[in-house]
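Enquirer: Residues per chain, in single letters:
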Amino acid sequence: MSQPTLISAQGLSVHYALRGGLIGPKPYVGAVENVDIEIAAGSFFGLVGESGSGKTTLGRAMLRAAPISRGDVHFDDGEVSYSLKDLGKQDLKDYRKRAQLIFQDPYAALSPRMTVRDIIAEPLEVMGLTSSRTETDERVREIAAKCRLNVEHLRRFPHAFSGGQRQRISIARALVSGPKFIVADESVAALDVSIQADVLNLLKAIQEDMGLTFLFISHDLSVVAHVCDHVAVMYLGRIVETAPTRTLFSTPRHPYTTALLSAIPSLDPDDRGKVQKLEGEIPSPTNPPPGCKFQTRCPHAIDLCRTQEPSLEHAGTEHRVACHRWQEVGGEAN
Amino acid sequence: MSRLIDVENLTLQFDTDEGRITAVDNVSFSLEAGEVMGLVGESGSGKSVTAKSLMKLNPRNAIYGPDTKITLHLEDGPVDVMSLQTDAEMKIVRGGSISLIFQEPMASFAPAISIGDQMVEQLMIHTDFSKAQSRELSVEMLDRVGISDPGTRFGQYAFELSGGMRQRAMIAMALSTKPKLLIADEPTTALDVTIQAQVIDLMKDLVTEFGMGIIFITHDLGVIAQTADKVAVMYLGKLVEQGSVRDVIRRPAHPYTRGLLAALPTLDDIDAPLTPIPGDIPSPLERPSGCVYHTRCQEVIGARCSVEAPQFMTVDTNHAAACHIHDANEGAA
Ligand SMILES: Nc1ncnc2c1ncn2[C@@H]1O[C@H](COP(=O)(O)OP(=O)(O)OP(=O)(O)O)[C@@H](O)[C@H]1O
Ligand SMILES: Nc1ncnc2c1ncn2[C@@H]1O[C@H](COP(=O)(O)OP(=O)(O)OP(=O)(O)O)[C@@H](O)[C@H]1O
Ligand SMILES: [Mg+2]
Ligand SMILES: [Mg+2]
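Chains as they are written, first to last, in full-length UniProt numbering: chain A, 1 to 334; chain B, 1 to 333.
Quick caveat, the hints were computed from the structure, so don't treat them as lab data.
Keep in mind it's a predicted model, so treat the numbers as computed, not measured.
Cβ atoms here follow ideal geometry from the backbone N, Cα and C, with glycine treated the same way.
Hints are not guaranteed to be accurate.
To be verified - Here are the simulated distance ranges between beta carbons:
#1 B:Ser289 to A:His74: 53 to 61 angstroms
#2 B:Tyr64 to A:Glu138: 46 to 54 angstroms
#3 B:Glu140 to A:Asn287: 55 to 63 angstroms
#4 A:Leu92 to B:Arg60: 48 to 56 angstroms
#5 A:Asn287 to B:Ser30: 46 to 54 angstroms
#6 B:Glu140 to A:Asp271: 54 to 62 angstroms
Okay, chain B solo, but in the shape it has when bound (with noise of 0.2 angstroms):
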């Protein structure tokens, strides 16, 4: 496998009227071709800012860290993401290369102009295809996710279609440009089960088929579960955990991520109670000091959680977590 993209240490804070808000606080991944990685974490903590982060897609209120770097690794060579500054440099970025897929559907469409149209438009931006072409392949990708009658949906307005319908239909236009890196943040949310494993199977195909990397957000660990290669596990906009799937899953090492698991309802056992994670998370603009985790953690240590951040600590081959718990464990070593 080769490399598809590095982020280092990316920070990023918004200027608000309430004050500075950090959004992103120092995080690090990296991604292969041909990889799915999971980003998990509750609501706020900073999953889709991440997202955006890799195209430069914030708004302007928002503040990069100078630490920030983002390297994507094209067939012409890497490109710094960060030193990219006019529009025209950033198509490099934000058409073919990446895909996003938003979390609001209706802010992928708009309103005015067909499906189809827009498919084709935006075909024709980032490839070579002609218009025949880009109709041909753009009506072959909304049969692909499974929308019916492909041909008549084509020339419909998203207004016309079901929620779930709409979703499928902007993952067949993030996925027409066959982009190197897909970034999926909540696809699958508003469908069906049903439709849900459809466009799973579909995901995992096109990994195989183009050696596509993407990046799946979610707060459905089944869903992980099912489509990741490794796990990154967010809280107050820190990476608490990294892993491999399996690892992650099964023997989590973070207190955050053992609390999202143990409040999922599994059908395994239907009579055990659901174990929400106690208390609220804070606000951004009251980030707790130490480990960020410390006011809600059942496993607090001492008064260290509260002073000193944990840095990110190996528990196993390919498997690391942001918690004292791991360094009291490794004792004197």
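So here's chain A without its partners, still in its complex pose (with noise of 0.2 angstroms):
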């Protein structure tokens, strides 16, 4: 039952430097910090957490399109060993077709003066990946049906679609290039609902049909409720607790992860008032609080958690929280 880990990284930290600071220390942002985290191949792996966390900066360092500062990132597809801090240009060359990224934002990504089998085609004329123009048409139009996109559409200039469409195509560009590890950011957060439910379904027959490993970055947690089967969750940079998807769901241990539980609006029109509401603000990364970065803003704060940083502690198979007290005010969520 247990799959082999496709991604993992180790203490890694992404520093991005600031302007400024002559004499003294470098300032900097610790985007991400000290983060541990183990994928398993052919897992649906969610990323929750506020904005400015460091969802993004994260599924970039493990692309290998942020900078790695401090730890590494491991990939082991069985085919090919990764360290991704210190890769040789040829195999950077090659684990981007290996690992993709799904943009958030379908509106931006597609360049409006090409035609859809050509943003589709794209990754593969860049990285040499077929031999000639039938080759490529051929991969491009089997990984648009299973996109569902017809070959009537790659005609088209992207304008032309809707936004779920669009996503479609953005999702067939990512997958050409045979990838098996997917990183989508927000891939969903611009579409409606009923878009997005079949954007969602899509995404998860092609990760069933192909075998492939997704981190899923949202701030949407009923979607990640709904496809993922692992979650994690960061708070100003760092993972502050991770489970599986149902444990994480119903027994929280993080008073983060609690509070962002009930922060999402139930459909129940008599629930109102009942939210439990998290005040102030994420913290600036350039300035963060000592000891337990949740500080500032939890209830159940006591002096140590104000002096030391607590670091991630088994409370259940494969649970992991990073919290002094969670033995003592873990949440039951609804």
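Can you join these two chains into the complex? Each is in its own frame, and there are hints to help.
Expert: This is the structure we're talking about:
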């Protein structure tokens, strides 16, 4: 039952240098700090957290598209085994076809001057993965069909498509090089509920069909609950809790996770006013608070939390949480 | 409660290169003071166009239908919005009385003027406040929408704020004139759930505090369930269902509303499959005949749906839907 790990991070940090600061230590943004994460082959792994918590940066670091300041990322698909921190040029080129990104915004991501066929074919041509136009066309048609785009669609330009259709084009483009690992960054955030359901079903079907591994970044917890088998919650660059989806939603252990879950607007009009509100905002990553990063907003913070940063500990099978007080305060969802 | 706005037979078309598009088709609704109405529907259904119409903010290629009537009820008596022509006349609806929170956050702030200066400027145009009072009120509103250190943020520019903060600043600005009617177009879509909960709370406080009416546009039915008193559902420019929030969410009467609800991921049963509404929204240039929804409808009851446009029918007190199934149910009555 347990699958081998496809990709993992060990002590991964991504720092962005800031301007200024001639005297003293160089100021930086700790967008991702000391993250350990393991993604099993074939899983649909969700990454959630407030805006600015570092989700995109972590996803990009796992694609080697953000600088790795400390720690490392390991990728092993059975054919190749890479250490991303010091990947040679040739290996990096090979890695690009094994790991792909689906963009957030289906409106901005597609070039208006290219036909859908050319948009989908571009990665094949750039990476030199096919040797003839006939072969390219065949690959494009095959992947387009999987994404429910027909030959007729391929001749058109993206502006002629609806949001859902454009998102299917982005997906086809990401899949055409035959990747093993896909980072989908807020891929359905801009879509209506109905189109969103359609695209999510498509992603799941493709994942099962092609045996892909997904890192699915989203701030919509209801969506994550439905499509992901595993979830990690980020706060200020750190992973604060990770667990199988069902466990996380039924027995969240971190006060931040509990707050996030309780803020989801319920569909029942009689639930009004029952939301447990989280006051304040996520602190600035250039100037994080000492101790636990959540202590400034945590209703359970004690002195220990203000001085010492908790590390991830086991709270159950595959369930890990970074909170000094999880055993006392862990909440029951809903 | 007293009536705030009446919208009757609102029809709006656009002249485009490809032909004439009907964006809003014979839409009628009304809102009381202190009431929150949710306006839902898929992308392109005409929600934003409807909202902008109430302030006559649509571009030049817009053509209003001849029967369109919009009446805003102010303290000094009713205002016939369609008859307002000059900028001076439009001031009645564009500042002060109606505030619109735009869907595009960047569109609301000029890039080269600080957030605070813009807030103060519009307060001084629309109210009798002095500069100092305007400043004080603006900082207070920034604070109330959950922006920390509002005094500092006041002096910053739009590009210096995160997306969520910009959206909250916009909400603060729209609310600072204490409008009678607030139209909020997808105001919480880019916000995190935690911030969204704060903003929704604030809006509800203001409804109670000032008896403000709100038209809340969103495609998030969860947000609607937590904020609105009543709901109007739009599809391809048509209003297809209207009713109290409980009725519409618990007993949806139009197949389209049922489809929207079924597509929504909920936490009650995370194993339930997500069910999209089949098919794509037709192009506004090729509006289907008969009921505009019949090309995607799961409950079509025969040829009638593709021929005859259904009228609004009452299904319960204060709950109506435009669908032939209700006609059939009522039998010969
Ligand atoms: N290229 C960059 N240079 C400097 N700072 C950056 C850069 N990219 C991201 N950051 C900072 O790193 C932090 C994490 O950003 P990131 O985009 O990863 O967040 P996120 O969780 O994806 O947020 P959102 O939900 O808003 O997309 C933020 O404080 C952001 O300002
Ligand atoms: N200035 C314009 N010229 C021509 N057509 C327009 C114009 N503005 C809007 N439309 C069309 O009117 C229809 C309704 O658009 P509207 O923006 O009201 O949709 P919406 O329901 O707000 O969608 P969304 O959820 O994506 O914001 C669409 O078909 C749109 O393309
Ligand atoms: Mg992001
Ligand atoms: Mg709109």
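Enquirer: The structure should be examined with respect to each hint, and the outcome stated for every one.
Expert: Each hint tested on the structure:
1. Between Ser289 of chain B and His74 of chain A the CB atoms are about 59 angstroms apart, so this pair conforms to the stated range of 53 to 61 angstroms.
2. With their beta carbons about 52 angstroms apart, Tyr64 of chain B and Glu138 of chain A fall inside the hinted range of 46 to 54 angstroms.
3. Take Glu140 of chain B and Asn287 of chain A: their Cβ atoms lie about 26 angstroms apart, and the range 55 to 63 angstroms is violated.
4. Distance hint for Leu92 of chain A and Arg60 of chain B: a CB-CB separation of about 52 angstroms, consistent with the stated range 48 to 56 angstroms.
5. Against the hinted window of 46 to 54 angstroms, the Cβ-Cβ separation of Asn287 of chain A and Ser30 of chain B comes to about 50 angstroms, which satisfies the hint.
6. Against the hinted window of 54 to 62 angstroms, the Cβ-Cβ separation of Glu140 of chain B and Asp271 of chain A comes to about 30 angstroms, which falls outside the hint.
This entry does not satisfy hints 3, 6, going by the numbered hints stated previously.
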